[in-house]
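Colleague: The residues making up each chain are set out below.
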Amino acid sequence: MRLVVDLNRCQGYAQCAFLAPDVFTMHGDEALMYDPGPDDAQREHVLRAAEACPVKAITVEAADAAASAQARAGASYAA
Amino acid sequence: MPLDGSLQRLRREGHIVVVGASLAGLRAAETLREEGFSGTLTMIGDEPQEPYDRPPLSKQVLLGKVPADHTALPRRRAIDAQWRLGTAATGLDLHAKRVHLSDGSSVEYDRLLITTGVRARPWPNELEADLDGVFVLRTVDDATRLHHRLKAGPRRVLVIGAGFTGSEIASACREQQLPVTVAERGAAPLVGALGAVVGEVAAELQREHGVDLRCGVQVTGLEGDQAGRLRCAHLSDGSTVEADIAVVSLGATRNTEWLAGSGLGAGPRGIACDAGCRAFDVRGIVTDDVFVAGDVARSPHPLFGYQFLSLEHWGNAVAQAEVAAHNMINSSADRRPHVWTPSFWSAQFGVNIKSVGVPPMGEEIIVTQGSLSDRRFTAVYGYRGRVIAAVTFDQAKWLDFYQRQIEQAAPFPPPYPSVDRRPDGMRPVPAGFPDPSLPSHGPTVTLSGHSPADRRVSFTPMRA
Ligand SMILES: Cc1cc2nc3c(=O)[nH]c(=O)nc-3n(C[C@H](O)[C@H](O)[C@H](O)COP(=O)(O)OP(=O)(O)OC[C@H]3O[C@@H](n4cnc5c(N)ncnc54)[C@H](O)[C@@H]3O)c2cc1C
Numbered sequence: 001m002r003l004v005v006d007l008n009r010c011q012g013y014a015q016c017a018f019l020a021p022d023v024f025t026m027h028g029d030e031a032l033m034y035d036p037g038p039d040d041a042q043r044e045h046v047l048r049a050a051e052a053c054p055v056k057a058i059t060v061e062a063a064d065a066a067a068s069a070q071a072r073a074g075a076s077y078a079a
Numbered sequence: 001m002p003l004d005g006s007l008q009r010l011r012r013e014g015h016i017v018v019v020g021a022s023l024a025g026l027r028a029a030e031t032l033r034e035e036g037f038s039g040t041l042t043m044i045g046d047e048p049q050e051p052y053d054r055p056p057l058s059k060q061v062l063l064g065k066v067p068a069d070h071t072a073l074p075r076r077r078a079i080d081a082q083w084r085l086g087t088a089a090t091g092l093d094l095h096a097k098r099v100h101l102s103d104g105s106s107v108e109y110d111r112l113l114i115t116t117g118v119r120a121r122p123w124p125n126e127l128e129a130d131l132d133g134v135f136v137l138r139t140v141d142d143a144t145r146l147h148h149r150l151k152a153g154p155r156r157v158l159v160i161g162a163g164f165t166g167s168e169i170a171s172a173c174r175e176q177q178l179p180v181t182v183a184e185r186g187a188a189p190l191v192g193a194l195g196a197v198v199g200e201v202a203a204e205l206q207r208e209h210g211v212d213l214r215c216g217v218q219v220t221g222l223e224g225d226q227a228g229r230l231r232c233a234h235l236s237d238g239s240t241v242e243a244d245i246a247v248v249s250l251g252a253t254r255n256t257e258w259l260a261g262s263g264l265g266a267g268p269r270g271i272a273c274d275a276g277c278r279a280f281d282v283r284g285i286v287t288d289d290v291f292v293a294g295d296v297a298r299s300p301h302p303l304f305g306y307q308f309l310s311l312e313h314w315g316n317a318v319a320q321a322e323v324a325a326h327n328m329i330n331s332s333a334d335r336r337p338h339v340w341t342p343s344f345w346s347a348q349f350g351v352n353i354k355s356v357g358v359p360p361m362g363e364e365i366i367v368t369q370g371s372l373s374d375r376r377f378t379a380v381y382g383y384r385g386r387v388i389a390a391v392t393f394d395q396a397k398w399l400d401f402y403q404r405q406i407e408q409a410a411p412f413p414p415p416y417p418s419v420d421r422r423p424d425g426m427r428p429v430p431a432g433f434p435d436p437s438l439p440s441h442g443p444t445v446t447l448s449g450h451s452p453a454d455r456r457v458s459f460t461p462m463r464a
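Sequence order for the protein chains is Z and U.
Be aware that the first sequence starts at 1, since it is given in UniProt numbering, and climbs by one per residue.
Be aware that the second sequence starts at 1, since it is given in UniProt numbering, and climbs by one per residue.
Bear in mind the hints are in silico, worked out from the structure with no lab data behind them.
One should not assume that every hint holds.
[To be verified] Listed next, the in silico SDA-like pairs over lysine to any residue satisfying Cα-Cα at most 20 angstroms (straight line): (1) Z:Lys-56 <-> Z:Gly-37; (2) Z:Lys-56 <-> U:Arg-76; (3) U:Lys-65 <-> Z:Gly-28; (4) Z:Lys-56 <-> Z:Met-1; (5) U:Lys-97 <-> U:Gly-284; (6) Z:Lys-56 <-> U:Gln-403; (7) Z:Lys-56 <-> U:Trp-398; (8) U:Lys-65 <-> U:Arg-174.
Can you make the complete structure from the sequences, with help from the hints?
Modeller: And the structure:
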């Protein structure tokens, strides 16, 4: 699965690191480090973390967009 | 306002082409669909990968915590686009409304969005740049190669240039116990972006973490062994640094060469556009059908005297892409201005650095919360008696407040008492920015005057 965190918005509340510790970790006192492409098994945890984020900084790939995003180099294709 | 016939047709069956399939290009495409564009959408990108996120490349990826190919950007929605990846745009015909591509074909557009961003400035000596062990860091391929070499345990890594990217690379190396030398022409790391007062804190931070930091020096040459592998670097102070990896972090160059001769107001400083993201042509006339967003754009900002502002910031790419996409399919009365307050973050040596506004405009700086020596503080920059920017080290919580101060042009120095004000924050001191007419890797925020047609090669930023 794919996700991205808007770190301009992030205030280091660390709710995500609590709810999905395999995906989000605090690096130092305030900086967040995360895996932008965690295993699908993490989905439940990640969705809960995104929901709990007080500043709504976490974007998770939309369900309808996930399947179609298949890129191939040098080819033209529709997605 | 009701849409006129041609706009309705554009939304229903027009052809929109996006050149540059990265952060800004993707977010713009999503916004177009979100706002009801149902015509044909073509995404042209010279990188073979689908859009991915760059900030992790100098952080999680170099640390080995995340594989480089885990950085693909999430889609906010399906965009139903024709993707032409691994294909570069090579030319633009404004009359025929056509983009020419590297495979010899071309595509016609009704509206064009240019989001070709920037690339890492290479080491100027080509022979030396080709040595095995000399890297830049901008793309996922760069990050993959560099991480691979760091993992192999080099004797020493030389980072050339201590802007944000260079400093983050040095931080990632130290975290993996690799010996690192950082060579910086300025007086301190980050000095071009944040000034000498904050730069001094960054310097202490680097030295405390075991970086061999050399400021006020230039790397004058890179030397290889007989097999063409980097062996050492020569510095302007006469010293030599033995290193088998050098990462050139000397800032970025705008990807505008493909527009040369097109008649668009594009040049080494970027592509000039109006506040609504419409590109200017070389005559200073705004176009109706060509839009720009992200790192490649330079757009006028009301907070900073309407000078053209270039921002190499993630948040700007997203915000500007959304505005550009909205304006591409709306009539003039419904268009929106891109008046986003510049913001960015950087994580290095365990510290979260964040900033709002345009620090390089600052003449003076005052520490309003915390203390420089604690490496935990909020500092505010002043320009002609008003608040123009703020920076925090591990104190992001104060930043929203100062953003509002900037937006209101609040007086500087702040006349009110603040929580946790310390003795070193009692009066403002000079912010210590280097001479802005010197080219520098430092500021990823660049004010570049008022001229929409950017055909000069020399870099002469002006203060508002
Ligand atoms: C290592 C690194 C770390 C960063 N860290 C931070 C950070 O901590 N905080 C922050 O705010 N910002 C950070 N940034 C900056 C941020 O990533 C950029 O602001 C953002 O990527 C800009 O997006 P963009 O879409 O405008 O341009 P880009 O991401 O540069 O994308 C432009 C795309 O266009 C393609 N292209 C160029 N020319 C052509 C052509 N002729 N035809 C077709 N395609 C073309 C390019 O190959 C590229 O894929 C970092 C950048 C890097 C490289």
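Colleague: The structure should be examined with respect to each hint, and the outcome stated for every one.
Modeller: Outcome of the hint check:
1. Z:Lys-56 <-> Z:Gly-37: 19 angstroms, holds
2. Z:Lys-56 <-> U:Arg-76: 14 angstroms, holds
3. U:Lys-65 <-> Z:Gly-28: Holds: Lys-65 of chain U and Gly-28 of chain Z sit about 15 angstroms apart, inside 20 angstroms.
4. Z:Lys-56 <-> Z:Met-1: 18 angstroms, holds
5. U:Lys-97 <-> U:Gly-284: Judged against 20 angstroms, a Cα distance of about 19 angstroms means the pair holds.
6. Z:Lys-56 <-> U:Gln-403: 19 angstroms, holds
7. Z:Lys-56 <-> U:Trp-398: 18 angstroms, holds
8. U:Lys-65 <-> U:Arg-174: Roughly 15 angstroms separates the two Cα atoms, so the pair holds.
When the structure is compared with the earlier hints, no violation turns up for any of them.
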